[in-house]
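S.K.: Spelled out, the chains give:
There are 2 protein chains.
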Amino acid sequence: MGKVTCQISISLDGFVAGPNQSLENPIGEGGMRLHDWIFPTTSWRRQHGEKGGADGVDSEVADELVRGIGAYIMGRKMFGGGSGPWDEEWKGWWGDEPPYHTPVFVLTHHPRQPLSMKGGTRFTFVTDGIASALEQARVAAGDQDVAIAGGASTVRQYLAAGVLDELYLHIVPVILGAGERLLEDVGDPVLEPIKAVGSPAVTHIKYRIAKNVS
Amino acid sequence: MGKVTCQISISLDGFVAGPNQSLENPIGEGGMRLHDWIFPTTSWRRQHGEKGGADGVDSEVADELVRGIGAYIMGRKMFGGGSGPWDEEWKGWWGDEPPYHTPVFVLTHHPRQPLSMKGGTRFTFVTDGIASALEQARVAAGDQDVAIAGGASTVRQYLAAGVLDELYLHIVPVILGAGERLLEDVGDPVLEPIKAVGSPAVTHIKYRIAKNVS
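So the protein lines, in turn, are chains L and Z.
First residue of the first sequence: 1, per our numbering; consecutive thereafter.
First residue of the second sequence: 1, per our numbering; consecutive thereafter.
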């Protein structure tokens, strides 16, 4: 069985989204500054069909982030399409070929038939909670890892439930001052840094999490 | 002229002291967990007259922290002795021979004569603000660095004033959940990570700060 992992970019003052988030701007004001580090990397550009880019530590990390993942779990806000019953026309933010290429389990209160997209991404909508989504994702992933894709409240729920094995933070040297915090109401998990590398743009720290519950 | 630096241990969720701080317990509940990484190091033990200890990255950092510092600045709470007029018997938390071995400028609203201690530490009490304290510390330090020793509110004031050149964070893998934050009301300084190293106990990231004001 694979691990349950999560990787997320976070400001030095602990925010994973800026203030004034909305359905149209779920990342909040200034939130895109948290992701600037990845776009110039060779790895990101290659993953999105573009040539060139910068090699180095950040590109190696961008490669690492997509390796060995057999399924993703994400919250409704990250998938988009409002907060009420589904508009069947909404197929996520990513166009016809989303960058997941695996089964993706979307947490929602509103049932919907699965959606198969180009490139192997298949969205399944889970209405019976985070434990059920994790169980389904584990089966889909086989011996590969299950990645909690976000957003922040979904990560917090899995962290608080004590089922995350690894948390990989990309600590971006910006101070947002306000927004959505990641590490709030998550209890007191036992964390151990197992990797720390960085560039002038970002510092990557991977934490192993001792399991609180089995 | 040397740099103006600050090094401080901080929880992964951004606290530099735990909740329920008091004059008797300025570090707050659980706050001592932020400092556990340094006590077993060879460097710390040697600095405090003890033998043995653990070598490695954390000990090297503990060495680095005391190198090249010509003067310190600290807030009244860090020096201790209550918050009102001085009890002349109070000479800080550190006994007869404090670990600074340089001039130390203490920010306070209450005048007091300087205090010369064993081992070269001399406490000067500054009542006319952080700019004056920095000016006096720069003169005392000569071409060595001035270190802002703490506490958090003193660091925040110097950071917000745009006069810090380096911020060296020891990010401890604990989640305190509450307490005193470091990076709040400090504006939007331009930070660049210039070093990232770590052990299973802590990750050290040194940031260079672009000057906002001269």
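Hints in this document: simulated from the structure, not taken from any laboratory.
Using N, Cα and C, we set each Cβ at its ideal position, and we do this for glycine too.
Careful, some of the hints might be misleading.
Residues from chain L shown here face chain Z by an in silico Cβ test under 8 Å; the list is partial [claimed, not checked]:
id, residue
1, ILE8
2, ASP13
3, PRO19
4, GLY129
5, ILE130
6, ALA161
7, GLY162
8, VAL163
9, PRO173
10, ILE175
11, GLY177
12, ASP188
13, LEU191
14, GLU192
15, VAL197
S.K.: If a hint holds in the structure, say so; if it doesn't, say that too.
M.R.: Right, here's what the structure says about each hint:
1. Given hint, ILE8 (chain L) at the interface with chain Z, is violated; its Cβ is 13 Å from that chain's nearest Cβ, farther than 8 Å.
2. Satisfaction of the interface hint for ASP13 (chain L) is found here, the shortest Cβ-Cβ separation to chain Z being roughly 4 Å, below the 8 Å cut-off.
3. Taking 8 Å as the C-beta contact cut-off toward chain Z, the hint placing PRO19 (chain L) at the interface is violated, the least distance being around 13 Å.
4. Below 8 Å, beta-carbon pairs count as interface contacts, and GLY129 (chain L) has none with chain Z, the closest being about 24 Å; its hint is therefore violated.
5. Restraint check, ILE130 (chain L) versus chain Z: the minimum CB separation of about 20 Å is more than 8 Å; hint violated.
6. With 8 Å as the threshold, the beta carbon of ALA161 (chain L) stays out of range of chain Z, its nearest partner Cβ sitting at about 15 Å, so the hint is violated.
7. Interface hint at GLY162 (chain L): violated, since its Cβ lies 13 Å from the closest Cβ of chain Z, which is beyond the 8 Å cut-off.
8. For VAL163 (chain L), the interface hint is violated, the least distance from its beta-carbon to any beta-carbon of chain Z being 16 Å, above 8 Å.
9. The restraint placing PRO173 (chain L) at the interface with chain Z holds, with a minimum CB-CB distance near 4 Å, inside the 8 Å limit.
10. Hint on ILE175 (chain L) holds. Least Cβ distance to chain Z is approximately 6 Å, under the 8 Å limit.
11. Because the beta carbon of GLY177 (chain L) sits about 7 Å from the nearest beta carbon in chain Z, less than 8 Å, this interface hint is met.
12. Hint status for ASP188 (chain L) relative to chain Z: holds, with the closest Cβ pair at about 6 Å, below 8 Å.
13. The interface hint given for LEU191 (chain L) holds, since its Cβ lies 4 Å from the closest Cβ of chain Z, which is under the 8 Å cut-off.
14. Taken as an interface hint, GLU192 (chain L) checks out: its beta carbon lies about 5 Å from the nearest beta carbon of chain Z, inside 8 Å.
15. With 8 Å as the threshold, the beta carbon of VAL197 (chain L) comes within range of chain Z, its nearest partner Cβ sitting at about 7 Å, so the hint holds.
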